[in-house]
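S.K.: Here is how the chains run, residue by residue.
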Amino acid sequence: MIKGAFTRQWKKMIMIALTVALGTSLATAMLNVMMDVSDKVNQELKTYGANITVVPKSASVMDSLYEIENGADDGAYLKESELGNIKTIFWAFNIVDFAPFIDTKATVSADSGEKEITLVGTWFDHHLELPTGETLNTGVRSLRTWWDISEGDWLSEQTYTGTEKPCMVGEGIAKTLSVKSGDIITVSTTHGSERLYVAGIFSSGDTADDEIYASLDTVQALSDKDGLLSSIEVSALTTPDNELAIKAAKDPGSLTIAQYETWYCTAYVSSICYQIQEVITDSVASPVRQVADSEGAILEKTHLLMVLITILSLVGSALGITNLVTASVMERSSEIGLLKAIGAKNGAVSALVLTEVMITGIVGAVIGYFAGFGFAQIIGQTVFGSSIEMKLFVIPIVAVLVIAVVLAGSLPAIRMLLRLRPAEVLHGR
Amino acid sequence: MSLLQLKNISKIYGELKALDDISLEVENGEWLAIMGPSGSGKSTLMNIIGCMDKPSLGEVILDGRDIAKESDKGLTEIRRDKIGLIFQQFHLVNYLTAVENVMVAQYYHSMPDEKEALEALERVGLKDRAKHLPSQLSGGEQQRVCIARALINHPEIVLADEPTGNLDEANENIVIDIFKQLHKEGTTLIVVTHDPEVGEVAQRMIVLDHGRIKENTINKNFGNT
Amino acid sequence: MTKQKMFLRMITASLIRRRSRMIVALLAISVGAAILSGLVTIYYDVPRQMGAQFRNYGANMILVSSGDGKDFDVTAMNEAVSHISPESFLGATPYRYETVRIHDQPVVTAGTDIKSAGITSPYWHIEGAWPAEGEALVGKTEAEHLGLKTGSSFTMSYADESNEKEPVERDMVVSGILETGGSEEDYIYIEMSDLESIAGSGDLDVAELSISASQEELTAAADSITSADNGVSARLVKRVTQSESTVLTKLQALVFIVTAVVLVLTMICVATTMTAVVTERRKEIGLRKSLGASDRSIIVEFMGEGLLLGCIGGLAGALLGFVFAEFVSVNVFSSSIRFQPLLLPVTMIVSVAVTGLACLMPVRSAIDIDPALVLKGE
Chain U
1 MIKGAFTRQW
11 KKMIMIALTV
21 ALGTSLATAM
31 LNVMMDVSDK
41 VNQELKTYGA
51 NITVVPKSAS
61 VMDSLYEIEN
71 GADDGAYLKE
81 SELGNIKTIF
91 WAFNIVDFAP
101 FIDTKATVSA
111 DSGEKEITLV
121 GTWFDHHLEL
131 PTGETLNTGV
141 RSLRTWWDIS
151 EGDWLSEQTY
161 TGTEKPCMVG
171 EGIAKTLSVK
181 SGDIITVSTT
191 HGSERLYVAG
201 IFSSGDTADD
211 EIYASLDTVQ
221 ALSDKDGLLS
231 SIEVSALTTP
241 DNELAIKAAK
251 DPGSLTIAQY
261 ETWYCTAYVS
271 SICYQIQEVI
281 TDSVASPVRQ
291 VADSEGAILE
301 KTHLLMVLIT
311 ILSLVGSALG
321 ITNLVTASVM
331 ERSSEIGLLK
341 AIGAKNGAVS
351 ALVLTEVMIT
361 GIVGAVIGYF
371 AGFGFAQIIG
381 QTVFGSSIEM
391 KLFVIPIVAV
401 LVIAVVLAGS
411 LPAIRMLLRL
421 RPAEVLHGR
Chain R
1 MSLLQLKNIS
11 KIYGELKALD
21 DISLEVENGE
31 WLAIMGPSGS
41 GKSTLMNIIG
51 CMDKPSLGEV
61 ILDGRDIAKE
71 SDKGLTEIRR
81 DKIGLIFQQF
91 HLVNYLTAVE
101 NVMVAQYYHS
111 MPDEKEALEA
121 LERVGLKDRA
131 KHLPSQLSGG
141 EQQRVCIARA
151 LINHPEIVLA
161 DEPTGNLDEA
171 NENIVIDIFK
181 QLHKEGTTLI
191 VVTHDPEVGE
201 VAQRMIVLDH
211 GRIKENTINK
221 NFGNT
Chain V
1 MTKQKMFLRM
11 ITASLIRRRS
21 RMIVALLAIS
31 VGAAILSGLV
41 TIYYDVPRQM
51 GAQFRNYGAN
61 MILVSSGDGK
71 DFDVTAMNEA
81 VSHISPESFL
91 GATPYRYETV
101 RIHDQPVVTA
111 GTDIKSAGIT
121 SPYWHIEGAW
131 PAEGEALVGK
141 TEAEHLGLKT
151 GSSFTMSYAD
161 ESNEKEPVER
171 DMVVSGILET
181 GGSEEDYIYI
191 EMSDLESIAG
201 SGDLDVAELS
211 ISASQEELTA
221 AADSITSADN
231 GVSARLVKRV
241 TQSESTVLTK
251 LQALVFIVTA
261 VVLVLTMICV
271 ATTMTAVVTE
281 RRKEIGLRKS
291 LGASDRSIIV
301 EFMGEGLLLG
311 CIGGLAGALL
321 GFVFAEFVSV
331 NVFSSSIRFQ
341 PLLLPVTMIV
351 SVAVTGLACL
361 MPVRSAIDID
371 PALVLKGE
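First to last, the sequence lines map onto chains U, R and V. For the first sequence, my numbering gives the first residue as 1, with consecutive numbering after it. For the second sequence, my numbering gives the first residue as 1, with consecutive numbering after it. For the third sequence, my numbering gives the first residue as 1, with consecutive numbering after it.
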């Protein structure tokens, strides 16, 4: 009998299935996007650069200030050999990029003159092979996305083949010394001098405009600090801080064991810092508040915004489905009057209508789920250029939603139909 | 000349000949009953007379115009101006009151006139029910609204399709009485029915069978009952 | 009675007496319109609201002396600020760095406007309190270095570079410890007046500005400040401005495409509901045809009804949408939303168009049907 209803009423059934599919696809798309939006926006916020800096425990901060003294060397440095450990911490997967830094005062001489500058040694797109067998490319190229390369190109350690060691020169220096990309400059320190090939000129809009960036080993050799680092910048995907994280950041010792585990196993910036300190000897890892705090605020707002938009579209699709189910069940009053006239009981009639609508609804929902997943992918690809992760627990949410909504749509109509007296229906009132 | 002339009309649906070479003339003011069992072609004939369908072969001349040659738009105009339809299922617009249902016919024909519509309802004895919705009216009352609507534009032909099919005997008699009254006033009436009681009160009766006219009898007792 | 009056009478009767169906249709249209007006309002307001969030990153423009000998003081800074539109301007903080001696150690001390520093650097974490006059905010590294804690007092002395005069001394109290994870932790911050009391008046080193504006507007403002030639040259903090425009563009694109997807699906939902509502009236369309209604007049009647519904639903929905947008704005951004008055007519027009189209299709297919077939009963 149900089969009969399907074949005869296929047009109306298709209509119901279509609306359910539309509503479901909307719900699926929005829920999937909502679940993934934090991760995606977090990735985007990485353009602000590192959100964690690692420095030696007793670092001399003097030379990062207004060049008060030249390299008051108190012997506190990090070890280059430990760098790979950063990718072995509990939240290793959340470490997007990192780069080591060592700097020294140097005199640069070009054809047009000399200048005292800060020479910074770092990784540009260093290829790193981890003990775990993983490989990754990391360095300042992804930590300084705001740099404008006004001349030449980004220095690449992997593809550079020239005989001189390469470097990148800040715009300020390039202007005063009229250095162009492709030029050869000489930098000298108290420990020696080196001819450097200028791979590119950058403009950063901050103090780096008066600095020269060369590869790590070059600067280590020039400052006689082989295997040593003065700081590490780390860019990590983090979860916005909550009360627990703030409490833990002050003193991890103040937490109960359960709290500690929750904190340690959540990607708060403070727990990642803590874990980095565990693997880098004598280091202090601290969040860069400017980046970490803003990230938290923006992530939270974006997530909340998406939640509310999702709720709105869920309500919208629920109403759409309810409406149509109601309308199309009511439409069948004459058929149901006939069924009652030939002796069908109320229960049988309701069961028939419900089963029909439910089967149609389920078919629509399955189609809609996949369509919605497709929509989510379109959103992910267009906006973020990456796919949206399939969240399995969206399926039960959507399933419960569809069943509830279809039931809610059918019930008032069924109640109305049951009140009909068959004679009236058949006499065309 | 007759008001309506059917000349050798046939209606063919694929293999099936619903009407097979029927010729019929209806005079002005005549009261004709078309009878026959289900599937005899009654409905097809009624649709053709009611300008809702065209024959496959033959001519239908209504008031001098051949409707077989008219376009759909032309048919709509003829139907509007010359035919008043009465249905078995009444077909009232369920969200309009009785008087408004009558006015809908005026609206499509010329100008809605509430006073005239109320007079039409008075003629079928429904003046006090004019402001009721169809759902508040009994079957007989609905059928009388349907009759009032059919009459409102003074059609050349009133065409009734099983007008008493959904009515009990008391209401059936009321409807038949209205038909008698209409006949007296000179209205041309064509009633399609399978109910012999309704067929026998007509002036002339034709019986269809398998798309052909099987009987064509004049009621000798007409007017005596 | 005229035809028009009867027309209106039929439509209103249909709307009022078929109440349950009309509510179904009206609900669908209103929800569609609410989603349209709500989401579009949010979409237009996102750059402004989110832009405010991005100001958490702090200053996006700095002013430095143009090096042509003119004074770069607070007056010059305020003059430069007057080139920025007051609506988008959030704050400007002057900084003057001097090396003072505390416990005989050289320490860089910044004289600033503490109140506006809180605005241009919202990411500063302070343990303790913001300093008042005679108080100092000490960077975390420097505090450890000097062994200072909140509440401890110290003496700072300033000697002229030439060391000719006697050093000027002043006692200060630590009001709080500053934690940023950046180089700010290496300085001491005090009110400008306190610095001037020991070091005399002098030029600013830098002024930080926080402006809520797009990159183009910022560039224009910076150009106009620099070209005014008042001894001040403005530069954008690329790290902040560039990243902000990247992320903001993405966010706006996200809301845009989400809005588009939601709208398209909602409109289809509205259309199917309207189609269902009209389709169930096929019998009535057949009846009207048998009464002699022309195709045109049937379309006009049904469209009239649909358009009226679209208007009412559109209006209700647009208002509902504004309420939703305001709700979102207050809850997410804790500020009121900026309404787009133009959106009200646009929402109504779209609702009317969608409803009209949704009615037109089933009506068109219904009028092609033979009235005889419909009236004989399905």
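Worth double-checking, as some hints may not be accurate.
Here are the computed lysine-lysine pairs in the DSS-like style, where the Cα-Cα straight-line distance is at most 27 Å [as the list claims (entries may be wrong)]:
(1) U:Lys247 x V:Lys149
(2) U:Lys57 x V:Lys250
(3) R:Lys131 x V:Lys250
(4) U:Lys79 x U:Lys57
(5) U:Lys391 x V:Lys250
(6) V:Lys140 x U:Lys105
(7) R:Lys184 x R:Lys54
(8) U:Lys225 x U:Lys57
(9) V:Lys149 x U:Lys250
(10) R:Lys180 x R:Lys115
(11) V:Lys149 x U:Lys11
(12) U:Lys247 x V:Lys250
(13) V:Lys3 x R:Lys73
(14) U:Lys105 x U:Lys165
(15) U:Lys250 x V:Lys115
(16) U:Lys79 x V:Lys250
(17) R:Lys73 x V:Lys5
Note that these hints are calculated values from the structure, not bench results.
S.K.: Against the structure shown, which of the earlier numbered hints fail to hold, in ascending order?
M.R.: 2, 3, 7, 11, 12, 16
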